[in-house]
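Colleague: Chain by chain, the residues run as shown.
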Amino acid sequence: MNEQKIRIMLVDDHSVVRSGLGAFLSVNPDLELVGEAENGEQAVVRAGILKPDVILMDLMMPVMDGVAATLAIKKQNPAIQIIALTSFQEDELVQNALKAGAVGYLMKNVTARELAAAIKAARDGKMILSPEAAQALVRAAQQTHEADSLTEREHEVLKLMVEGLNNAEIAERLVVSLSTVKYHISNILMKLGVDNRVAAVTTAIQKKLV
Amino acid sequence: MPLFPETSFWNKSRTRIFGLVLLIVIPALVVQIIGASYDLQQSLNERKLESVRILHHAQSDFDHLLDDARRAFSDLIRVKEMRSPDNCTQVFPLLRFAYERIAPDAINMGLADASGNIYCAINPVQGDTSIAAQPDFQAALQTLDMAAGVYRLDESTNLPIVNLSYPVLSFNGEVQTVIFATFDVRWLSNWQSEVDLPSGAAVTLIAPDGSVLLRTISSEIVPVTGLLASAASWYTASPVGTTVEEGVDLDGVTRLNTLTPLGNTADLHLGYPVRELYTKAYENLRWKLAMMIVVSIAALVLAWWSSESSFLRPLDQLLRVVKRLQGGDLTARVSALRGMSEINELGRSFNQMTDALQQREIERRQLEERFRAAFETSAIGMGLISLDGRILAANAAVTEMSGYTEEELIQRNDPQNVYPEDREVGQDLHTEMLAGKRNYYTVEKRYVRKNGEVFWTQLTLSLVHDSAGKPDYLLWLVEDIDQRKRAIEELRESEARFKAIYENAAIGISLIGPKGNVIAVNPVLVKLSGYSEAELRRLGGQGITHPGDLAVGQAEMQEILAGTRDSYQVEKRYVHKDGRIHWMRQSLSSVRDSDGNLLYLVVIAEDIDERKRAIEELRESEARFKAMYENTAVGMSIMSLDRRIIGMNQASMRMLGYTLEELFNTNPTILSSPEDADIGADQYGDMVAGESSGFQMEKRYIRKDGTMFWGRVTYSLVRNNAGQPDYMVGIIEDITEERNSNEKVAEAEAEYRHALEQRIAERTTELNLANERLQEKAAQDAVIAERTRLARDLHDAVTQTLFSTTLIADVLPQLWEMNQAEGQRRLEELRLLTRGALAEMRTLLVELRPNALVEVPLPTLLRQLVESLVGRSRINIQVSTEGERKLPADVQVGFYRIAQEALNNLVKHAAADEAVLTLRMDNTVRLSVVDNGKGFDPSSVTADHLGLKIMRERAESFGANLIIYSEPDEGTQISVLWQDKLETS
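Listed in order, the protein sequences are those of chains A and B.
Okay, so the first sequence: first residue is 1 according to the numbering used here, each after it adds one.
Okay, so the second sequence: first residue is 211 according to the numbering used here, each after it adds one.
Hints in this document: simulated from the structure, not taken from any laboratory.
Here the structure is a predicted model, which means the values were calculated and not measured.
One should not assume that every hint holds.
[Claimed, not checked] Under the rule of at most 16 Å between Cα atoms (straight-line distance), these lysine to aspartate or glutamate pairs were calculated in the EDC-like manner: (1) 159(A) with 827(B); (2) 695(B) with 654(B); (3) 207(A) with 654(B); (4) 909(B) with 936(B); (5) 1144(B) with 1124(B); (6) 207(A) with 826(B); (7) 159(A) with 1027(B); (8) 208(A) with 827(B); (9) 725(B) with 769(B); (10) 208(A) with 944(B); (11) 208(A) with 830(B); (12) 208(A) with 38(A); (13) 159(A) with 826(B); (14) 1118(B) with 38(A); (15) 207(A) with 38(A); (16) 207(A) with 827(B); (17) 822(B) with 163(A).
[To be verified] Here are some chain A residues the structure puts well away from chain B; computed CB gaps all over 12 Å: (18) 99; (19) 126; (20) 135; (21) 138; (22) 159.
[Claimed, not checked] Here are some of the chain A residues that sit facing chain B, going by a computed Cβ distance under 8 Å: (23) 111; (24) 112; (25) 160; (26) 163; (27) 197.
Here a beta-carbon is modelled for each residue, glycine too, at the ideal position from N, C-alpha and C.
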């Protein structure tokens, strides 16, 4: 394995987090802290200069968020590995972070040991996902399936439901009969695996089906 | 220019012809004369030669005579008897014989003794019978040879005779006898008749002494006795030989005279008459001359007559007519000429020419008239300019255009009235034109009217040549193009703008024909649709429309085609060449001709895809927000700026017992119990005005079922993109349990249940109203920001801190082992973080349960506050509290909020590392927050910056004094002072 220390940059807008991570890094002999950044913009600039091996990137930051920064840094220096380290686990966020080029996604409940292992794995290019991130991805996969399975008409109906229209209004908008609308809605409920329209709307929003 | 010189043609030609004839005749005459004189000369010469010949003939005749005599003599002397000549009778027969030999020329022959006494003679000798005196006798005695004497006149006959003497010698050489002979001039007569002398010829025998012996004229003897030959011009003392000279003869007649010696005997002269020659010559000449003159005259007359009739008269006629023409009479025509055919032809041609000339003159005059009319009435300014630039004439249009009268224009030194800057415009072209390189030129120049106005004109200057081809004057055309130029400029600009729009606007423009055929498309449309222009033409609008939207706008299109509509707008989907679907907003306008027939349609297409998608996204995010909003257990409502409910989540509906439909667009104040209706009104006003970003209040609310509950409401102001207040979010919390026991709710409940029931109206909810407001992206951002803030506020701070503490706790053993000092530091940090997290939690709880702010003593609250900051910042904040007392709720909350604001500022802006919070509670309550940060300049910082305004207002709201003291680099001090009013009455 590589004898050299892994060069790490910390990106987080909370100084307490950076401080804690700093402490963590200081006890790991094969990990070296080379730089910090408070927001995505600083991260991009400093990553370009310092060229760390691994970046621990918080996702929720002012000025420029972690996903955007990941995108930018990967474009500039594809060799830099980025681990998203965040307290949020929204499916969309996970997807975006990974799509942007993050090699790992960890929650801020990770232990020191887990974190160290993850960094090393990231340096080698292995993808590391926290259980929550993994679940989010799975849901995403399922959801695409679910979304695909909705017909165009069902999609339209669902969209209108999310907009807050009641059945009668949906029927008027789509120029169909009320029973047709009800038929579509029952199909939707079934496909989305819910039993009431509010849940359907919520699912639709959460999973960005519309 | 005169066509002919002053002298009349007649005289001149006459003179010419006459001269011509003379020119021929006179030389001829001269030649004749010369010829005649030559002939004369010739004849004279002939005569001369002849006379010489004749005289030589005479001479030879005489010589013959002498020779004959000599022979006769010599024969005679042979006879011996002759030698002794005493006896005449003896010799007489011999003598006679000899005599007959020379007779008849000799008129006597005889013998003489040596003394000269004639003793024998044939013919009796009269007179002197001695010849001793004779020269011939003497000569003979001398020379002992024959000798001739000289001619002399015989006394008896008076005719010239000459003697010859011949000596007869004895044996001893002595002269014994002399034979003598006498000759007369018979031989001369013979000679004359032999030679055939012309009449008038004169022969003169001249004795050696010069006396004329004999003269004959025309063979007739002329008595000339005693006349001396020297009377004649031709006689010289000595014989001249045989030269012939013209001279006056003895009788005064001019003859060709020749003189020749007859030995020593005499001179013979011959005079040839010349007058006859002259006369003959003259007569000859005269005849010839006469002939010539006659012929000349005839020729002259003939020439005259023929020329006169052939061409002189006709030409004269022609000339007269030409002179009339010259005088300006265009009607002058020559009548039919009768002369040479060429002249007649000339006459006819002349007539034709004059006809044409007259015609042309008429036309020219017409043209001139027309031109003048045009010139005067033309709307375009026209003028004539001399070569040196002066105006010669200007028409009405020019005077109108320029404001000057024609006289003024002609008189002005600067006739062109050109705008000074444009003086040089066209100068090079003008020079070229004058140099002959071009015939005209056109320029645009500015002129100045009399009233000083400057206007643009288009000038055309052309050079007019005279009939000789030399430049004569300039024709000047001026057109006022001021309006046109401005219009052109505007048009150009608007065209450029349109073109820019057509080419560059991010709007697709196409022109469609009435049959739906694509006439033209602009590049943007090509780009928007992904199809090339050719493909678009082929496909047409329908070809790229999304199948589901083919029918959209069809009805309106039909109306346009029918003419009942001029334009319409639709939104429909198009399929990009790459298959993507785009939303487009289309505006169709019809362009019709003057009859109202549709010429073509202008279609403007705008890709609203992004906007539609943005709208979609916004709706999605709103929906998500709404979901969150719906699902949270905390009651949330959305309020318009005029304090009307426009949204409520499930929790709030549950709390209040109403649905959104029932409460939509109502003022939530109606939900509060009447006593509490005013609570929060002022703060609400401040918030709406933008002066605060939120506030909290507690009041009693009446549910739908009439029950009452205590609610704590926190309002937050949401601003739009421009920072303007947009709407409000209210969070409501049921705090009834806390308050229930202190209130008599039941009475109020019953009272207002019905009243409320009446007030709630049935409403349909349209999130579209909220959606429309939220439709701007800024709203979305604000919502996201709000959501984020809420999320962060609710979870983030604590989570971060806890995560950090966990990590540190994890690694602390190792750290301790590695470096105890570092370990201790980290342990301390851990402690602080943990405490901080806890304090933050508590603070959050306090935020959620505003009652805590009142129940818990202020010093404790402030300490918690400070502690909660420890985790978030590295500032060392000391807390010092003194005294204990109960404060009215609003005062306590006020102090708390001010402290919170001050501390937040401290953390965010102060850049300090040490701060002290002091609270003194007594009759007066004093709170101060001091830091050693960078401070600020109060005069340069606006009041609402750094939340100073908020603090100030809050202080005012509960009757406290806020004092802020700061200076750059000197830190900041914020103090709040409140006095208990009751105690200071």
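Colleague: Determine for every hint whether it applies to the structure shown.
Modeller: Taking the hints in turn, this is what the structure says about them:
Between residue 159(A) and residue 827(B) the CA atoms are separated by roughly 12 Å; this keeps the pair inside 16 Å, and the hint holds. Restraint check: the Cα-Cα separation between residue 695(B) and residue 654(B) comes to about 10 Å, which is no more than 16 Å; the hinted pair holds. This hinted pair does not check out: residue 207(A) and residue 654(B) have alpha carbons roughly 73 Å apart, beyond 16 Å. For the proposed pair residue 909(B) and residue 936(B), the alpha carbon gap of about 25 Å is over 16 Å, so the pair is violated.
Restraint check: the Cα-Cα separation between residue 1144(B) and residue 1124(B) comes to about 11 Å, which is no more than 16 Å; the hinted pair holds. Straight-line distance between C-alpha atoms of residue 207(A) and residue 826(B) comes to about 15 Å, which keeps the hinted pair within the 16 Å bound. Only pairs whose Cα atoms come within 16 Å are accepted, and residue 159(A) paired with residue 1027(B) is rejected, the gap being roughly 60 Å. Proximity of residue 208(A) to residue 827(B) is assessed by CA-CA distance (about 10 Å); at most 16 Å being required, the pair is judged to hold.
Straight-line distance between C-alpha atoms of residue 725(B) and residue 769(B) comes to about 14 Å, which keeps the hinted pair within the 16 Å bound. With a CA separation close to 33 Å, the supplied pair residue 208(A) and residue 944(B) exceeds the 16 Å bound. Between residue 208(A) and residue 830(B) the CA atoms are separated by roughly 7 Å; this keeps the pair inside 16 Å, and the hint holds. Between residue 208(A) and residue 38(A) the CA atoms are separated by roughly 30 Å; this puts the pair beyond 16 Å, and the hint is violated.
At most 16 Å may separate the alpha-carbon atoms for a hinted pair to count; residue 159(A) and residue 826(B) meet this at roughly 10 Å. Proposed proximity of residue 1118(B) and residue 38(A) is supported: the alpha carbons are some 14 Å apart, at most 16 Å. Distance restraint check for residue 207(A) and residue 38(A): the Cα-Cα separation of roughly 30 Å exceeds the 16 Å cut-off, and the hinted pair is therefore not satisfied. With a C-alpha separation of about 13 Å, the suggested pairing of residue 207(A) with residue 827(B) holds against the 16 Å cut-off.
A threshold of 16 Å between alpha carbons decides the hint, and for residue 822(B) with residue 163(A) the separation of about 15 Å falls inside it, so the pair holds. Residue placement check: residue 99(A) keeps its beta carbon more than 12 Å from all beta carbons of chain B (closest about 17 Å). Consistency note on residue 126(A): stated as away from chain B, and its beta-carbon is indeed over 12 Å from all of that chain's, at 22 Å minimum. Distance to chain B confirms residue 135(A) as a non-interface residue, since its nearest Cβ pair spans about 19 Å, more than 12 Å.
A cut-off of 12 Å between C-beta atoms confirms that residue 138(A) is not in contact with chain B; the least separation is 20 Å. At the 12 Å boundary, the C-beta of residue 159(A) falls inside the reach of chain B, the nearest C-beta of that chain being 8 Å off. A hinted interface residue such as residue 111(A) counts as satisfied when its beta carbon comes closer than 8 Å to some beta carbon of chain B; here the least separation is about 6 Å, so the hint holds. Nearest Cβ of chain B to the Cβ of residue 112(A): about 3 Å, under the 8 Å cut. The hint holds.
With a cut of 8 Å, the hint placing residue 160(A) at the interface with chain B is violated, because the nearest CB-to-CB distance is about 11 Å. Interface hint at residue 163(A): satisfied, since its Cβ lies 6 Å from the closest Cβ of chain B, which is below the 8 Å cut-off. Residue-level restraint check for residue 197(A) is violated (minimum Cβ-Cβ distance to chain B is 12 Å; threshold 8 Å).
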